[in-house]
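Given the coordinates of chain A, work out where chain B should sit on it, guided by the hints.
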Amino acid sequence: MLRRRNPAAKLLAALLVAAALVPVLDPVTAGAVLAAVVLVLPFAGLRARPVLLLFPPLLLAAASVAVVNLLYGDAGAAAALGLGLRLAAIALPCVLAVLTSDPTETADALVQRLRVPERPALGVLAALRLVPLLAEQWRTLTLARRARGLEAGANPAAAVRLFAGKVFALLVRAVRTGTRLAAAMDARAFGTGPRTHARRSVWTAADTALVAGTAAVLAGAHGLSLWLGTWRLLFA
Amino acid sequence: MSPTGPRGARVRAAGWGWRHAGREAWALRGVDLEIAPGERVLLLGPSGAGKSTLLQALAGLAGPEAAVTGQSEGELLVDGAPPGRGRGAAALVGQDPQAQLVMARTGDDVAFGPENLGLAREEIAPRVCEALAAVGFPYGPERPTAALSGGEQQRLALAGALAMRPRLLLLDEPTANLDPDGAALVRGVVAGLAASSGATMVLVEHRVADAVGLVDRVVVLEPGGGVAADGPPDRVFAEHGADLAARGVWVPGREPRAPRGGGSPGEVLVEACGLRALEPRAPGGPARGRRAVLDGVDAVVRSAAVTALTGANGAGKSTLLALLGGLARPDGGRVRPAGALAAADGRDLGRWPARRLARHVGTVFQQAEDQFVTGTVRDELEFAPLRAGAPPRRAAARAEELMGRLRLDGLEGAHPFTLSGGEKRRLSVATALSSDPEHAPDVLLLDEPTFGQDAVTWAEVVELLDGLRARGRAVVAATHDERLLDGFTDTRLRLGSDG
Numbered sequence: 001m002l003r004r005r006n007p008a009a010k011l012l013a014a015l016l017v018a019a020a021l022v023p024v025l026d027p028v029t030a031g032a033v034l035a036a037v038v039l040v041l042p043f044a045g046l047r048a049r050p051v052l053l054l055f056p057p058l059l060l061a062a063a064s065v066a067v068v069n070l071l072y073g074d075a076g077a078a079a080a081l082g083l084g085l086r087l088a089a090i091a092l093p094c095v096l097a098v099l100t101s102d103p104t105e106t107a108d109a110l111v112q113r114l115r116v117p118e119r120p121a122l123g124v125l126a127a128l129r130l131v132p133l134l135a136e137q138w139r140t141l142t143l144a145r146r147a148r149g150l151e152a153g154a155n156p157a158a159a160v161r162l163f164a165g166k167v168f169a170l171l172v173r174a175v176r177t178g179t180r181l182a183a184a185m186d187a188r189a190f191g192t193g194p195r196t197h198a199r200r201s202v203w204t205a206a207d208t209a210l211v212a213g214t215a216a217v218l219a220g221a222h223g224l225s226l227w228l229g230t231w232r233l234l235f236a
Numbered sequence: 001m002s003p004t005g006p007r008g009a010r011v012r013a014a015g016w017g018w019r020h021a022g023r024e025a026w027a028l029r030g031v032d033l034e035i036a037p038g039e040r041v042l043l044l045g046p047s048g049a050g051k052s053t054l055l056q057a058l059a060g061l062a063g064p065e066a067a068v069t070g071q072s073e074g075e076l077l078v079d080g081a082p083p084g085r086g087r088g089a090a091a092l093v094g095q096d097p098q099a100q101l102v103m104a105r106t107g108d109d110v111a112f113g114p115e116n117l118g119l120a121r122e123e124i125a126p127r128v129c130e131a132l133a134a135v136g137f138p139y140g141p142e143r144p145t146a147a148l149s150g151g152e153q154q155r156l157a158l159a160g161a162l163a164m165r166p167r168l169l170l171l172d173e174p175t176a177n178l179d180p181d182g183a184a185l186v187r188g189v190v191a192g193l194a195a196s197s198g199a200t201m202v203l204v205e206h207r208v209a210d211a212v213g214l215v216d217r218v219v220v221l222e223p224g225g226g227v228a229a230d231g232p233p234d235r236v237f238a239e240h241g242a243d244l245a246a247r248g249v250w251v252p253g254r255e256p257r258a259p260r261g262g263g264s265p266g267e268v269l270v271e272a273c274g275l276r277a278l279e280p281r282a283p284g285g286p287a288r289g290r291r292a293v294l295d296g297v298d299a300v301v302r303s304a305a306v307t308a309l310t311g312a313n314g315a316g317k318s319t320l321l322a323l324l325g326g327l328a329r330p331d332g333g334r335v336r337p338a339g340a341l342a343a344a345d346g347r348d349l350g351r352w353p354a355r356r357l358a359r360h361v362g363t364v365f366q367q368a369e370d371q372f373v374t375g376t377v378r379d380e381l382e383f384a385p386l387r388a389g390a391p392p393r394r395a396a397a398r399a400e401e402l403m404g405r406l407r408l409d410g411l412e413g414a415h416p417f418t419l420s421g422g423e424k425r426r427l428s429v430a431t432a433l434s435s436d437p438e439h440a441p442d443v444l445l446l447d448e449p450t451f452g453q454d455a456v457t458w459a460e461v462v463e464l465l466d467g468l469r470a471r472g473r474a475v476v477a478a479t480h481d482e483r484l485l486d487g488f489t490d491t492r493l494r495l496g497s498d499g
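Protein chains in written order, with the working numbering: chain A, 1 to 236; chain B, 1 to 499.
FYI, nobody ran anything at the bench for these hints, they're computed from the structure.
Any given hint could turn out to be false.
[Claimed, not checked] A few chain A residues that face chain B, going by a derived Cβ cut-off under 7 Å, partial list only:
1. 119
2. 121
3. 126
4. 147
5. 148
6. 186
7. 188
8. 193
9. 204
[Stated by the list, open to error] What follows is a list of derived Cβ distance ranges for each label pair:
10. B:147 with A:114: 26 to 34 Å
11. A:102 with B:224: 46 to 54 Å
12. A:52 with B:346: 22 to 30 Å
Yeah, the Cβ is synthetic: ideal placement off N, Cα and C, and Gly gets one too.
Isolated chain A, as found in the complex (with noise of 0.2 Å):
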């Protein structure tokens, strides 16, 4: 189950496939790796949702830039093909990684795992936290500009005046709530020296063999790319 590894390893996984096809072109390679990370899709313990949310748009994109390079570039048609299977396969395990992975512990696996400063891993975390505030925040703004009597209606340049209004006041809330949570945050201590965790993040054989596994698989799509003799960098 991909859900039960460390969030550090997904994301070192998700970091080595895009390092591996980036340099690449030809649609072997790429489409051995996305052949190989739709195989643990089901493995991946995902919901329905957001895989019906994420997965269209993404093989659109993947779809658009095939075809686009397809019409306008001038490297042919296989080069085409593998563009589009790199992105989906460069993009796809970053995905997984996000959506089997719980922002605590992928906080918690940054900082004990990774050595990402606590600052930046935390202050991103609680700010997290924050997103459905700012949303009910966005509703009622917009609630409170009809009771003033502001309306956009058909009027395209009252509207952009309408959504500009909006979004200093949300800005202005949205900072407003976030000094106050930093302050909360300093009251408590954070950052006023080496701070211990509470939770553990465990690092498990299993999560090395899905680092080595990740290496292997892209080092067996290379070899076989070569031996088809299909293989192409992207400057040759």
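Just chain B now, with coordinates in the frame of chain A:
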């Protein structure tokens, strides 16, 4: 807390003052104060007296590179040293539950402070359990913080402070944003702490009558000055009660009273039946399967009456207010104008054009800032009349009159966001009144209009609502202010879990 808990801290201020960055005037000056270990002090003063500033300074949050920037003078010591952040000396709990929780899960949030103090992992878990037990937290450590009510979140914030085992506990209006039940819960916890922990406690609280039982000493601060009064609650209120009450402090026994309701409501102006409202779509969330905030709610709004809308936090008061005010359309049922209001436009209120709506139906939001749309107080008040087609001189005259009536004169050039809490409240009410030639829409809906206001502003808002009622307007107020519900309001609309 356990008997091995920390001893209280000693606080000493000598000629201490604070000036916020970019301000001319001193927020506090010449403060001389000595608080013995384990003492429980209630800090009082008119709004703007620097009560919160003093708490922040004691928590080590005020300084050249701290959260609150500015300049200090004199001496402020906690246990003989300038208050520094961290290392467990002081813990501060503020009033906004949303802005105090850092982590997504309850137990993680309580552990945040101990982690920052660098405690060993084995030590943190017992502290988390102990702190959650001390505030009577009803759920386990895995509970998502987003699923908690305001009162529960505030108790969690207290637990987060206690887990650091502070020697100085600073509470800045910890119950200000809570409904009566939530406030009572938090007060109970604070009272229990007073009995069991040896920590020194400094409390700022608007609802003085509720807080007096928790403290053994009252300190009154003077805006821009030092300590105006200091002593046991009885003595301070006997000697300074009248003066404090006149300056807006809620002194027990000297609270302003609301006039009795008229008792003869007029015709029906708004009629709502079978209202259903679903919770808003989460960003990227599904349109189906959402919980119903309101279901099968009927309501009427009558002229010449104040209708109170009550119910616990989360019962859907604000949602119903938005529907009755025509700001949103219900997911089921209808909100129809009736009587004189139907003469203006017979369609459902949610279909009215915004301009017409603002003229006949005014809404005052809980957070006044949400409804400010211009850059100065004067523009804010002239906005509605000018849009309604009034000549500039008439609009100016109307703004002038409203500023005088709501004590906003002298502030006409100020940006609405820079006003004090009471001024913002008065301005938001004034803008809702400015739209109609007769200085009031037919229906005025207000979300918690008296919430967190000082006694003087409270009395002014109540008087204003009473005046509107006398002139035949319909007033609807979502409120859990017992002082309003006790006789001032004419009818009550109660939202509960039973619908």
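Going down the list of hints, with the structure as the test:
| no. | hint | in the structure |
| --- | --- | --- |
| 1 | 119 | violated (11 Å) |
| 2 | 121 | violated (12 Å) |
| 3 | 126 | holds (5 Å) |
| 4 | 147 | holds (4 Å) |
| 5 | 148 | holds (5 Å) |
| 6 | 186 | holds (5 Å) |
| 7 | 188 | holds (4 Å) |
| 8 | 193 | holds (6 Å) |
| 9 | 204 | violated (18 Å) |
| 10 | B:147 with A:114: 26 to 34 Å | holds (30 Å) |
| 11 | A:102 with B:224: 46 to 54 Å | holds (49 Å) |
| 12 | A:52 with B:346: 22 to 30 Å | violated (43 Å) |
Checked against the numbered hints given earlier, the structure breaks hints 1, 2, 9 and 12 and satisfies all the rest.
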